[in-house]
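There are 2 protein chains.
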Amino acid sequence: MAKGQILGKTETVSLGQESYLRYREDEGQFLRGTAVFGERTIFGYPKIGRILNLANSIKEHFLAPFWLEEKIDGYNVRLFRLGDEIVALSRGGYVCHFTMDRIEDLLDTSIFAAEPDLVLCAEIAGPDNPYHIGSPPFIRQDVRLFVFDIMRVNETRFLSQQEKIALLDRYHLPAVENFGRFTPGELDEMQTLLARLNEEGREGVVLKEDSVSNRRAKYVTGNSCLADIQARARDLLDLPEEYFTSRVLRLGLYLHDQGQSPPEAMVCQLGHAILDGLVAGIHQYHREHKVYHTYQCRFHQRDNALRFLEQLRREAGHQVQISQRALQRMDDYWLLKFDRIYPVLTGFLGKLFGGSLVFD
Amino acid sequence: MAKGQILGKTETVSLGQESYLRYREDEGQFLRGTAVFGERTIFGYPKIGRILNLANSIKEHFLAPFWLEEKIDGYNVRLFRLGDEIVALSRGGYVCHFTMDRIEDLLDTSIFAAEPDLVLCAEIAGPDNPYHIGSPPFIRQDVRLFVFDIMRVNETRFLSQQEKIALLDRYHLPAVENFGRFTPGELDEMQTLLARLNEEGREGVVLKEDSVSNRRAKYVTGNSCLADIQARARDLLDLPEEYFTSRVLRLGLYLHDQGQSPPEAMVCQLGHAILDGLVAGIHQYHREHKVYHTYQCRFHQRDNALRFLEQLRREAGHQVQISQRALQRMDDYWLLKFDRIYPVLTGFLGKLFGGSLVFD
Chain A
1 MAKGQILGKT
11 ETVSLGQESY
21 LRYREDEGQF
31 LRGTAVFGER
41 TIFGYPKIGR
51 ILNLANSIKE
61 HFLAPFWLEE
71 KIDGYNVRLF
81 RLGDEIVALS
91 RGGYVCHFTM
101 DRIEDLLDTS
111 IFAAEPDLVL
121 CAEIAGPDNP
131 YHIGSPPFIR
141 QDVRLFVFDI
151 MRVNETRFLS
161 QQEKIALLDR
171 YHLPAVENFG
181 RFTPGELDEM
191 QTLLARLNEE
201 GREGVVLKED
211 SVSNRRAKYV
221 TGNSCLADIQ
231 ARARDLLDLP
241 EEYFTSRVLR
251 LGLYLHDQGQ
261 SPPEAMVCQL
271 GHAILDGLVA
281 GIHQYHREHK
291 VYHTYQCRFH
301 QRDNALRFLE
311 QLRREAGHQV
321 QISQRALQRM
331 DDYWLLKFDR
341 IYPVLTGFLG
351 KLFGGSLVFD
Chain B
1 MAKGQILGKT
11 ETVSLGQESY
21 LRYREDEGQF
31 LRGTAVFGER
41 TIFGYPKIGR
51 ILNLANSIKE
61 HFLAPFWLEE
71 KIDGYNVRLF
81 RLGDEIVALS
91 RGGYVCHFTM
101 DRIEDLLDTS
111 IFAAEPDLVL
121 CAEIAGPDNP
131 YHIGSPPFIR
141 QDVRLFVFDI
151 MRVNETRFLS
161 QQEKIALLDR
171 YHLPAVENFG
181 RFTPGELDEM
191 QTLLARLNEE
201 GREGVVLKED
211 SVSNRRAKYV
221 TGNSCLADIQ
231 ARARDLLDLP
241 EEYFTSRVLR
251 LGLYLHDQGQ
261 SPPEAMVCQL
271 GHAILDGLVA
281 GIHQYHREHK
291 VYHTYQCRFH
301 QRDNALRFLE
311 QLRREAGHQV
321 QISQRALQRM
331 DDYWLLKFDR
341 IYPVLTGFLG
351 KLFGGSLVFD
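Which chain is which? The protein sequence lines are A and B, in order.
With the numbering used here as the guide, the letters of the first sequence map in order to residues 1 to 360.
With the numbering used here as the guide, the letters of the second sequence map in order to residues 1 to 360.
Hint data in this document are derived by calculation from the structure and do not stem from the laboratory.
What you were told as hints is all true, and nothing was included just to trick you.
All copies of an identical chain are treated as equivalent in the list; a pair is satisfied when it fits inside any one copy or across any two copies.
Calculated lysine-lysine pairs in the BS3-like style (CA-CA distance at most 27 Å, straight line):
1) K59 to K47
2) K290 to K59
3) K47 to K351
4) K290 to K218
5) K59 to K218
6) K59 to K351
7) K218 to K351
8) K47 to K9
9) K351 to K290
10) K290 to K337
11) K47 to K218
Whole structure, please, built from the sequences with the hints as guidance.
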């Protein structure tokens with residue numbers, strides 16, 4: 001896969017001997033990440049709006065009862081069949097060589113033999129997520145896959161909850177937890193559920209209206225904001241700065257929504273979430289003259305690991321440097337270890353430790 | 001005073017019946033904030049570079065011993081004589097009607113009768129600082145003034161430390177604390193001093209080389225970063241976002257410089273610094289449909305209070321709304337209370353509590 005010709009909002013991306021068209025930006029129903037393989041279009045996964053005040057937002061947006069499904073902290077893929085292969089597309093419409101290498105470990109792909117036009121929308125998460133730090137606490141190793149929506153090739157709409165559940169059951173697909181169907185009035189029940197998810201360190205929920213219009217919204221727990229901050233503290237200067245302020249604000253609003261004053265333990269955890277990683281990064285710079293995080297993930301095929309690294313380097317652009325650390329046999333896999341180097345913090349600390357003055 | 005005609009990097013500002021030229025931007029030695037009153041030019045106060053690693057920065061920048069003076073958390077003014085009046089200019093070159101109203105309370109102005117060409121550079125600080133929240137802990141009420149540099153009209157250079165000390169002594173002027181003259185090798189002594197200032201909740205130091213080239217740098221304590229964050233937490237969305245990240249980074253670097261792991265109390269204090277004000281702001285919005293902070297300061301002349309409010313409104317522009325709360329006699333003063341409303345956080349919370357979806 002290599003980036004190719006750019007044509008307005010699309011570009012051609014080569015994949016093996018073939019190539020496909022990727023939408024770099026939204027164009028009407030062709031959302032960013034839409035991928036066109038000849039006659040087959042895999043539509044982009046639409047953004048889901050966030051709500052930060054459960055009661056008022058539900059009153060404002062939902063006209064019918066809705067399902068609450070778990071929101072998993074991982075990366076989004078769309079899986080579909082192309083010839084004999086199952087292709088995994090990232091949110092942006094790139095092929096993910098890691099997912100494709102591991103697909104048979106993650107789900108039973110026989111569904112695609114029976115239903116060749118399905119598109120499974122899934123989150124892949126776990127400590128060996130190679131895209132970002134942080135994992136649902138109930139995944140102890142490697143990664144797992146959780147289907148949360150099903151579409152069809154050449155269609156923008158999602159299958160209904162009933163159709164989806166029928167397919168999940170028939171093919172024993174791993175899926176996000178469904179917490180049930182709620183009416184807008186069942187606010188206390190929802191807050192109790194969210195308090196439990198928060199306690200368990202889980203990210204939050206997606207609300208999906210049980211109707212043709214299928215309205216949606218997402219809502220996250222306070223602890224997931226802390227986890228986000230903790231995961232990226234070393235990334236302080238490389239991230240868009242609203243990353244931190246928006247999560248702190250979400251945390252404050254979550255607590256307000258739960259009718260809670262900030263518990264002392266959570267306040268201290270916020271301090272730790274920010275400071276621990278940053279201080280570790282400063283020490284890391286002092287020792288090794290760079291600030292980075294080491295990721296690992298395993299592959300069946302050595303070639304796919306190299307292809308994946310190439311993909312990461314291309315996607316990271318100038319923002320982040322990717323550096324291979326090891327690629328070795330472990331059990332039945334090739335274990336890849338690589339570093340993501342944070343160039344802005346690395347450069348800034350370099351100047352400071354070099355004795356530079358800063359004019360701010 | 002009203003803003004007038006803009007001419008390149010300058011604008012004319014009217015002051016009573018007169019007017020003067022203010023530099024809106026640097027133009028060679030005419031730094032931003034330089035003010036030209038006919039034949040008399042009051043040069044802008046130059047920026048002082050910040051250092052974040054004491055040992056290396058001193059090695060890099062200072063060629064001779066230097067004085068350590070206290071850095072006070074207040075606002076910067078330049079005071080000079082214009083006819084019969086003592087005029088106070090803000091960093092940006094605007095007249096400060098609050099300072100001018102209170103000047104006789106803040107220092108003995110007889111120095112200007114004897115030395116009409118002096119420009120006193122001073123910090124004004126205290127709980128009644130009308131420009132920003134936060135005060136040195138040793139000022140219990142109102143504001144106080146601390147001279148830290150002396151210039152002359154029409155000259156860009158500062159008087160030497162010896163000349164300055166002689167004038168401070170002769171005229172009994174209030175000044176920032178001078179912690180003495182240090183050689184670059186006396187690092188432990190400096191770190192001990194900084195640890196004490198940090199303990200006492202004081203902002204930090206300015207290093208001033210005892211030489212003709214008069215090199216300078218500033219260095220702040222970890223606790224001053226926490227105080228900054230605490231002071232502005234409600235201002236989370238209205239501030240440039242690097243406000244928070246830069247202070248967290250400074251805190252981490254301060255701790256590293258002191259060879260300290262973050263003490264648990266400081267970690268929790270960071271959590272509180274961020275969350276307490278923000279949660280208070282959310283509650284404030286919920287109650288009053290706006291997020292604001294109430295300031296107070298006292299004046300001798302009622303007119304000056306009104307002039308000052310007008311000045312604040314003009315300088316705040318569209319970013320911040322100023323709203324008078326009270327102006328009443330208290331003891332020998334007019335006590336002004338006013339609110340600074342944070343429009344971005346106010347607007348954002350308005351949307352959220354109205355049930356809006358956020359696409360981020």
